[in-house]
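Student: Using the hints, position chains B and C against chain A.
Residue numbers (my numbering), protein chains in the order written: chain A, 1 to 308; chain B, 1 to 323; chain C, 1 to 608.
Keep in mind the hints are simulated off the structure, nothing from the lab. Beta carbons are placed, not taken as given, at the ideal position from N, Cα and C, and that holds for glycine. Errors might be hidden in some of the hints.
Counterexamples of contact, computed for chain C against chain B with all Cβ distances above 12 Å [what the hints assert, rightly or not]:
{"id": "1", "residue": "His95"}
{"id": "2", "residue": "Asp108"}
{"id": "3", "residue": "Val268"}
Covered stretches of chain A, as calculated for chain C (at least 3 residues, CB under 8 Å) [as the list claims (entries may be wrong)]:
{"id": "4", "region": "69-80"}
{"id": "5", "region": "210-221"}
Chain by chain, the residues run as shown.
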Amino acid sequence: MSTLLERLRRLGTENEFLYLFLHSRLAMIAATVAVLGMGAAVLAPLIAPFDPYDIGSVDILDSLVPPGWTDGGDARFLLGTDDQGRDLWSAILYGTRLSLVVGLSAIVFASVLGVTLGLLAGYLGGRLDAVIMRIADVQLALPAILTALLVDGIARGLLPRDTHDELMLVVLTVAIGLSLWVNFARTARASTFVERQKEYVQAAEVMGVHPLRILLVHILPNILGPLLVILTIDLAVAVLLEATLSFLGVGVPPNQPSLGTLIRTGTEYLFSGEWWIVLFPSLTLVVLIVAVNVLGDFLRDVFDPRLR
Amino acid sequence: MIALVARRLLQSLFVMATVSLLAFTLFRFVGDPVAQMVGQETSLEDQARLRASLGLDDPVITQYANFVGNLLSGEFGYSYRTRQPIGEMILARMPATFELGLASLVISLLLGIPAGIYTAIRRGGVVANLILVVTLIGVSVPTFVIGIFLIYVFGVELGWLPTFGRGDTVQIGWWKTSFLTLDGWRSLLLPALTLGVYQLTLTMRLVRSEMQNVLKTDYIRFARARGIDARALYLGHALKNTLVPVITIVGLQFGGVIAFSIVTEAVFQWPGLGLLFLDSIRYVDIPVMSVYLVLIAMLFVIINLIVDVLYAVIDPRVRLGDA
Amino acid sequence: MVPDASNETLPETLLEIRDLTVTFASRFGEQTAIENIDMDVRRGEIVGLVGESGAGKSTIGAAINGLLPGTGRITGGTVTLSGERLDRLSEASLHRLRGDRISMIFQDPQTSLNPLMRIGEQLIETIRQHRDCREEEARSLAIALLEDTGIADAATRMSAWPHQFSGGMRQRVVIALALCTEPELIIADEPTTALDLAIQKQILALIRRLADERQVGIILITHDIGVIAEISDRVVVLRHGQVKERGVTARVLGQPDDPYTRSLMAAVPRMDRKLERFLGIVEAVDTDAAATRRGPSARVPSRAAGKPLWRVSGASATAASDWLLGESSERSAVHDPILSLRHVDVIFDASPGYLFGLGRRHGVRALDDVSFDVAAGSVLGLVGESGSGKSTLAKTITGLVTPARGALLFDGQVLPSGRARSRSHPSRRRIQMVFQDPYSSLNERHSVESILIEPLREYDLAGTRAARRRLAASVLELVGLPQRALLSYPHQFSGGQRQRIAVARALLARPELLVADEPTSALDVSVQAQILNLLKELQSTFGLSMLFISHNLAVVRQMADRIVVLKRGECVEYGDSEAFFASPASPYGRELLSETPSLALLDAVPRR
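With the rest of the complex left out, here is chain A:
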């Protein structure tokens, strides 16, 4: 193990990012956790002992069973069951999966929208820039959770009941995405501004290269650093937002529990002594978000130009 690390470390002298990463135990731990988490979530259908969505496999008589290692526990249910008899471990796996799916989709949406607008605003300037920045200003006048709630509320008002339930995940993704695009846009715009002054952009302009090519082939690769940082940090925020919305009861549909919904249910049973329903999903959520945040912090340090 240590020789592997040694060899990896020697690799790191070539590439600066790799070097810093391999020498930061914290970053490596965080990355491992995050990867494990995502892996588990992706493989949920394969590794979960039960399918919590399958009504047939859930028996109400199994409800509120404590974790496997305590008295009264059942070896089948490692972490116990919830109020409906669903295996908590399976529910957590599926829930993490759902949270990550929603979070990632929202971030992809936000980043594509934000970066495109930011690039255009930063490069073309003028009226387009002014308009986009005004819109961003308006959006910034409302905090993320408010925007998310609002979009959700509007969707509720506009769509008939059943469509709304079906599309809930999409609505959620759009809601969270819309509340986060501004970060991407501002960062992309600021970075584009900086790059635009640089001479390699001027060289391309003098040569007569098409502006679209300049934006995508020349500028975009150079601004990926800060964007990656925002992506990671906002992923944590997106997951947090989804959990919060689900906790408040306006997130994922009730038959597809995410970590937030599990915590919500768990809160009701906390005071009557069934502590496990709250604890394990909360722990999972916190660990996941911490891992992503640590990675984000690490990336921010790596890409800080002043440290070069």
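Tutor: Chains B and C alone, transformed into the frame defined by chain A:
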């Protein structure tokens, strides 16, 4: 400087206009106001008459103008859910949210700023690293988890503090305050802590990063080369320069606190504006939603304006223009 | 050996450095920044510390003061100030020493002053830090100091903010701050590099006067040999952290012993005459220490022992030459003059206002009625200080800026300007530009190959990928880089090497007019000489017409056939280059010539 303020004022008006347009669109076109207000038996003619009397047949521009006019004169309309005048509801609940916000802001600043300064100066020390780890967790734990945890430990297990509601309050005019009773304070503590923890970590990280930037500058290096001692260096030179960007964020944080209070109020059943908004989402109570939207936007816009003016007052480069 | 006529009575030695070694810990292991440095500074004496980038000059300054950054440590030798050992002192004692006995001045006056404190406050605070006195006393001392450093109206200026001063004034304030503690020794790190020529001359004179009047010892750290020649008594020449030569300035610079010093002096562009080529430049000089710091792999992969060089088949400098010359038959048909400007005006930030002239702005006139020609196959030098409009002119010619008035003619035909010039206009290919900053003119995320191929792609100059590769490799070899560089990325190259890549990129478009905008201003002196040699070579071999822009008169003299001098957007001189240098027609031209620190003194009688 006047030009600066004037420009920002103009921008603020623009933002408010856009938000009010959004709110109006929400109000008018999402869901049917008439359908919300009448029962099943009302005849079509009555509905039509109601529609006309509400001005729903007028051209959209007029309706918008009326809407804005109403807002400006304090006429906020009625809630679909409770049938109460929205203005009253807001006034009744505002003190709760405001006091909660204030308490948590104080907590976050009192602890966050010194912690940020300390960790920036004493890099790599044991205490500094510990603080950093704690704040990392603070940023990552969702507010509601913190709330639940606090309720469990202090409310259920130890039984020291109440777990919901505001407790006893004293009414001054229309303002119900928690600050004047012991029970009020006890009820306020947990929610304020919950809300404050997140704010605290944000403040601390911001102060730390800004201070670190300042400490790397040439003028600090030059001051050190002139022999200026550590205290004057950190607290005099560095701190002043650090606080300038921090002020912006603190200003925004206050607004954020009002918004994040939604979750805290939900967990602690705190009867504030946040809970009101949440209920309005659940029940699709459009008028409340749109009024809340406008109010929050206005709050942010005003705070932004104040922050900008403060910036100008503190940073002479902004005030006098670049040479 | 020239007798040292400056000292009747030998002033006592203030600072003694013996065998000083400083190392930094980096991820490549321990790196030695400076090694076995010996040097002395006497009272009232200015000792110049000169060397190219990465030589270790600033490290010496920081080591004396105990302000080594990051992981730097003194690992050998001694530093003695008036008999007291500095290298052994604790941080606390060093702290007391700073400002009290040793002061430092940095390069950039803009960032050296706290923008949120009035300058009076900064002065008073420093004074009171080092002596026990009341505020009024400190205030009058501060005012006296400001007056001494040449700031008019000092009493009122005390309550001014740093950003309200111009660059030169700010540096005076910085010098006043350094003086207010009455130090014995001042370390000045590139104090005039960021300033205009005229201001530079004044600040240098100020420093000289202060050394004489107050008998302060001054260490003057700079890469600019002209500055050293102007005011220093003795000089220490550094390279890669080692002392190459030391002694009385006139002797060291005029008749150097050490081969590196000789090569350095040969690379300095002469103001007094034009040379065909810079001779005697040591080839190996072109790897700056920044590349060294980045580690072993940072240098361009070259011939490993025994292994043949990596090459693209069919690619060679000769192939490049043939390809480029293949055009010259067409070139003789090019119109003479190849470029003409007639009455060009460029105005920035003008606007007619919103309503009835409300909010109207007259704007800044960056170029005012500029007219000149570039003769085919010749070099036109464009000279001016910062703010004179040189860059704006380059941008106007290459289409980045639209003139408000005037005409441009290229190859006898009207050249559309600014936005009117379409992206596919033939002039896009025929006019190419080499930029100033080699660290920003190449896209860091693209490989050298993809950077070089871009013009070939844009202008359809080669059919297949293989052909493009062959051409890129050939031109690389032509500009003096190994073909293998195609595979590398810009950050692996030094400044000089990057500039060669930039030149290669320009050549690959097969241009007829090359606009070189300060192409060597960011490079070390010896590297500059190599690049200038390269440009001269290419220009004469391929008959390129060139517009060579620089603020450095000496450099322009070496390159140009004809010359244009710009002052605040106006063309004040235009004519034959040698004629200008022999005897300028305009008062401004004469001023410029006199302000440029000249090394001609070194050929004659020693300075003092």
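Student: Tell me the hint numbers this structure goes against, listed in increasing order.
Tutor: 1, 2 and 4
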